[in-house]
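Student: Using the sequences provided together with the hints, build the complete structure.
Heads up: the sequence lines are chains D and A, in that order. Everything in the first sequence is counted per the working numbering, starting at 1 for the first residue and increasing by one. Everything in the second sequence is counted per the working numbering, starting at 113 for the first residue and increasing by one.
The reader is advised that the hints may include incorrect statements.
Below, in silico cross-link-like pairs of lysine-lysine (DSSO-like), each with a Cα-Cα straight-line distance of 30 Å or less [unchecked claim]:
(1) D:22 <-> A:126
(2) A:121 <-> D:37
(3) D:22 <-> A:169
(4) A:121 <-> D:42
(5) D:71 <-> A:121
Okay, the calculated bits of chain A under chain D, using three or more residues with CB under 8 Å as the criterion [to be verified]:
(6) 190-199
(7) 214-221
Calculated from the structure, these hints are not laboratory results. Just so it is clear, CB atoms sit at the ideal spot from N, CA and C, and this is done for glycine as well.
Here is what each chain is made of, one letter per residue.
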Amino acid sequence: GENVEQHPSTLSVQEGDSAVIKCTYSDSASNYFPWYKQELGKRPQLIIDIRSNVGEKKDQRIAVTLNKTAKHFSLHITETQPEDSAVYFCLASSGGYNKLIFGAGTRLAVHP
Amino acid sequence: NAGVTQTPKFRVLKTGQSMTLLCAQDMNHEYMYWYRQDPGMGLRLIHYSVGEGTTAKGEVPDGYNVSRLKKQNFLLGLESAAPSQTSVYFCASIPRGAVDTQYFGPGTRLTVL
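Tutor: Here is the structure:
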């Protein structure tokens, strides 16, 4: 089955800096890679995703890159703002719905 | 359209008590999932269902049972609650053919004393 490792577990940056979170997956059949943001006390929300037929996707200040050969994908947040402070989770899916396993999460703190 | 709802929002149990958490979705989604999230931790899959009448084990199924008698409802049961089951429980659902639209419920905060 799929195994997803996420690093780092915590990340602290100054406002305006960039933040990068990386996930490594094990199942080469995985073809869908979403990222979720969870603010304190709230439910996870999808913020960006990428499919295996593209290498990069951007949405304003966030982007996701995928390296299928190395089996890893990363979340990039530029010009970080205090409201970006949250826990971020990755997920790797092979298109089946049987087991959707999340990475362990990264707690991002953006300091003013 | 309420989306995914969870009942109750909060609950305190004593060790050994039983309870059922209800997840309901009104979007006609095929797939439903129960996760638990311990303080400062990630989401761990307890059980899931790929359709009405079917359920399967996730990563951490011990101590829990589930049922999907109706397509819109996914029930999570604790037969004999233990302090180790203190957690926030999230339900999620996905429509057929659209894994990129996983909807989460608001969560149920459970404390077992």
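Student: Each hint needs a verdict: does it hold in this structure or not?
Tutor: Structure-based check of all given hints:
{"no.": "1", "hint": "D:22 <-> A:126", "verdict": "40 Å, violated"}
{"no.": "2", "hint": "A:121 <-> D:37", "verdict": "21 Å, holds"}
{"no.": "3", "hint": "D:22 <-> A:169", "verdict": "28 Å, holds"}
{"no.": "4", "hint": "A:121 <-> D:42", "verdict": "12 Å, holds"}
{"no.": "5", "hint": "D:71 <-> A:121", "verdict": "38 Å, violated"}
{"no.": "6", "hint": "190-199", "verdict": "violated (count 0)"}
{"no.": "7", "hint": "214-221", "verdict": "holds (count 5)"}
Taken one by one, the earlier hints fail for this structure at numbers 1, 5 and 6, listed in ascending order.
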